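Protein chains: 2
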Amino acid sequence: MNQSGGHELGPTVGMIGAGQLAQMSVAPATALGIRFKVLANNLEEPAALVVADTTIGSKDDPQTVLAFAQSCDVVTFDHELLTPAVMEVLKNCGKPVYPSPQAVIYAQDKLAMRQALTDLGIPCPRWSQVDSETDASIFAQEVGYPFILKTSRGGYDGKGVWFVNSESEISAVFANELPPGSHWLAEEKVNFTRELAAQVARSPSDQCVAYPVVQTTQRNGICSQVIAPAPDLDPQIAVLAQEIALRIARELDVVGMLAVELFDTGDGVLVNELAMRAHNSGHWSIEGATTSQFENHLRAVLDLPLGSPRAIATWSVMGNILGGDVPNLYSAYRHVFARDQELHVHLYGKVVKPGRKVGHVTAIGSDLTDLCNRVDHAVSYFTGEINE
Amino acid sequence: MNQSGGHELGPTVGMIGAGQLAQMSVAPATALGIRFKVLANNLEEPAALVVADTTIGSKDDPQTVLAFAQSCDVVTFDHELLTPAVMEVLKNCGKPVYPSPQAVIYAQDKLAMRQALTDLGIPCPRWSQVDSETDASIFAQEVGYPFILKTSRGGYDGKGVWFVNSESEISAVFANELPPGSHWLAEEKVNFTRELAAQVARSPSDQCVAYPVVQTTQRNGICSQVIAPAPDLDPQIAVLAQEIALRIARELDVVGMLAVELFDTGDGVLVNELAMRAHNSGHWSIEGATTSQFENHLRAVLDLPLGSPRAIATWSVMGNILGGDVPNLYSAYRHVFARDQELHVHLYGKVVKPGRKVGHVTAIGSDLTDLCNRVDHAVSYFTGEINE
Chain A
1 MNQSGGHELG PTVGMIGAGQ LAQMSVAPAT ALGIRFKVLA NNLEEPAALV
51 VADTTIGSKD DPQTVLAFAQ SCDVVTFDHE LLTPAVMEVL KNCGKPVYPS
101 PQAVIYAQDK LAMRQALTDL GIPCPRWSQV DSETDASIFA QEVGYPFILK
151 TSRGGYDGKG VWFVNSESEI SAVFANELPP GSHWLAEEKV NFTRELAAQV
201 ARSPSDQCVA YPVVQTTQRN GICSQVIAPA PDLDPQIAVL AQEIALRIAR
251 ELDVVGMLAV ELFDTGDGVL VNELAMRAHN SGHWSIEGAT TSQFENHLRA
301 VLDLPLGSPR AIATWSVMGN ILGGDVPNLY SAYRHVFARD QELHVHLYGK
351 VVKPGRKVGH VTAIGSDLTD LCNRVDHAVS YFTGEINE
Chain B
1 MNQSGGHELG PTVGMIGAGQ LAQMSVAPAT ALGIRFKVLA NNLEEPAALV
51 VADTTIGSKD DPQTVLAFAQ SCDVVTFDHE LLTPAVMEVL KNCGKPVYPS
101 PQAVIYAQDK LAMRQALTDL GIPCPRWSQV DSETDASIFA QEVGYPFILK
151 TSRGGYDGKG VWFVNSESEI SAVFANELPP GSHWLAEEKV NFTRELAAQV
201 ARSPSDQCVA YPVVQTTQRN GICSQVIAPA PDLDPQIAVL AQEIALRIAR
251 ELDVVGMLAV ELFDTGDGVL VNELAMRAHN SGHWSIEGAT TSQFENHLRA
301 VLDLPLGSPR AIATWSVMGN ILGGDVPNLY SAYRHVFARD QELHVHLYGK
351 VVKPGRKVGH VTAIGSDLTD LCNRVDHAVS YFTGEINE
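Each protein sequence line maps, in turn, to chains A and B. According to the working numbering, the residues represented by the first sequence are 1 to 388, in order. According to the working numbering, the residues represented by the second sequence are 1 to 388, in order.
I should point out that these hints are in silico values taken from the structure, not numbers from a laboratory. Keep in mind it's a predicted model, so treat the numbers as computed, not measured. It cannot be assumed that every hint is accurate.
As the list claims (entries may be wrong) - The following residues of chain B were derived to be distant from chain A, with all beta-carbon distances above 10 Å:
no., residue
1, L81
2, R126
3, D135
As the list claims (entries may be wrong) - To give an idea of the chain A side of the interface with chain B (calculated C-beta under 8 Å), a few residues:
no., residue
4, E8
5, T12
6, Q23
7, L111
8, V161
9, G359
Backbone N, C-alpha and C fix where the C-beta goes; we use that ideal spot for every residue, glycine too.
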């Protein structure tokens, strides 16, 4: 890998996408001494602001993606929303692509995911493809109201998901246009006590590591808080959740990070969704784990031995900063940092828009209540909900 | 700070210099969401490899430095080897420059430093400016042989420093050319038990934080190992060392990180050298402290409240990787990472040359012997001294 020109970097990992997940990959890529490049839509995307080797182009254009892939030693993603044409060129680009297009399909298409997990005997909510309002109504008669309708593709952060409280609401949901290649997926509304996430990393050599299972809290369909590890989780359920994630990673041949979002039903878990990349539920690992999810994703796609996923503190608490009334997040630092000398803040450099993920804060330590209070305070100050 | 074009970054910190210290500033600059730019001699320097906003130009050219400074909100450095002409333009560039040229002089010129510290009553080895071989001989009669001759400017990593064992060796040292503006500085050879370093951060608002005092081990004049905190250090001596560093920071008006290298004489400390920037003795803080030296340097020059310098583990051990027989450091990862899942590695992307600092490893935990063994093993494997 001794390249011309006098430097000595490791292989080139190319990431398709340049959001905050790509941006947070910069720190471990720099530490590892590898070459890291991103394909960005424009120079204002979070990773494009900081990555020396940024290619500007459409991640939906097959020729752009192909040229980008061929300039890398390994190709990976910070999202799963790839078009079928892009998936096709990546299959034949001559470079390793992780996760593979064959695996990514299960993170893109919730029907394919439900079918695959059901075939593997992995516990899921009751579900059915529904191609008509009548199908949906029949499904609802089985599972009861409210139930859930989802588009099989294209949804994220609560988008593409509807709660249906009565038969009369079905037609309004069906009036929404399906994204290309999508079908309607009906799922029972699980009576869960909380949501969990299990993250694992897996390398092409089939080495796997499992992070502690975390508790996630959603607000309006967007993750607002993560506690690692999930408080008061039965150790047997924690191991079960890790085993489910490890089994999915192996059976679906996922390489890189895999996040399995789970419903905790009180006596077990059901799989909600999958993400095959670094995930919001793992941001705590930057400061809270021996090896962050971003470093292990890079190590995995490079087929390097994985780093320990061990938590380095009793508790880690992560709070998302969603866009609020304050356009200038930087101006909050003087107050937030003066109040809390031990707080870790990540601001992504995105323009503040209501509800948009623009940053996150993490605190680690031994007093969970204190950590939650400090994280909540900082988040509320950044969003302008409080001003002291 | 809402700039045109759709992004929302904080103020611009410009760093003059693009070595590994600038490179390791990328991670906290990215997390803080500020704009970080570097002035590099060429695109192969460690920071130039990874920083999106890199200016290529000579850091010794006043006009280049002036133009760079005027494109920033705050100017800082990853080294102190500034020419007088560059210092002069920075004094009048109209932007905050931290540390100020007035302070940096004490890190550039060891005679100025010795005089200032002596005036402050801070304990130093016995020293004298010696302008002739006769002066040096007279000094040696006072302190005894061996003693030390240094050039007052331009030395680093053991360069510009000579041990003089007898009167007959003086003339050979004086035969060396003095760097521009340099004089000869004679110092007694201190009978120290070990070397220590005390690091502090200070902001323009005069907030200061002190890191745990560390033990440093030099090999051939280059730092090879750092243990944080220094083992078996008398708590009173630790506090004394921190107080010395805090006092120097305030009295010399240092803003940013200050490292004070110290000799531990067994019943006290004597100041060896100063560095006004992130320092090799603080690399452990990336993984081992709540806030790394690189983040606190950025926070300090931005006049933001400083982060906690607290160690997060009982012990942190850092080992420098000096260039050895193996040109391709990346190839060592498979073995090193497989052997030690908890090791943290930083490779700087520099071409391997004998004795050159090309990376470092850190391990944190509670068993100091185990940590030292693991760090030593990894360093020896990277340098090719061992191959298993």
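Identify whether the interface hint at L111(A) stands, where standing means a beta carbon of chain B within less than 8 Å of its own. violated (35 Å)
Is the nearest Cβ of chain A still more than 10 Å from the Cβ of R126(B)? Given that every Cβ of chain A is farther than 10 Å from that of R126(B), nearest at about 40 Å, it holds.
Per the CB criterion, is V161(A) less than 8 Å away from chain B? violated (28 Å)
Would the stated hint for T12(A) survive a check requiring a Cβ distance to chain B of less than 8 Å? violated (12 Å)
Closest CB of chain A to the CB of L81(B) still more than 10 Å away: Per Cβ check, L81(B) is outside 10 Å of chain A; nearest 20 Å; holds.
Hint validation: Q23(A) versus chain B, beta carbon distance must be below 8 Å. Holds or violated? holds (6 Å)
Evaluate the condition: distance from the CB of D135(B) to the nearest CB of chain A exceeds 10 Å. Fine: 43 Å to the nearest Cβ keeps D135(B) off the interface.
For the hint on E8(A), does the least C-beta distance to chain B fall short of 8 Å? Hint holds; E8(A) Cβ to chain B Cβ min 5 Å, cut 8 Å.
Against chain B, run the beta carbon of G359(A) and see if the smallest gap drops under 8 Å. holds (7 Å)
Of the numbered hints stated above, those contradicted by the structure are hints 5, 7 and 8, listed in ascending order.
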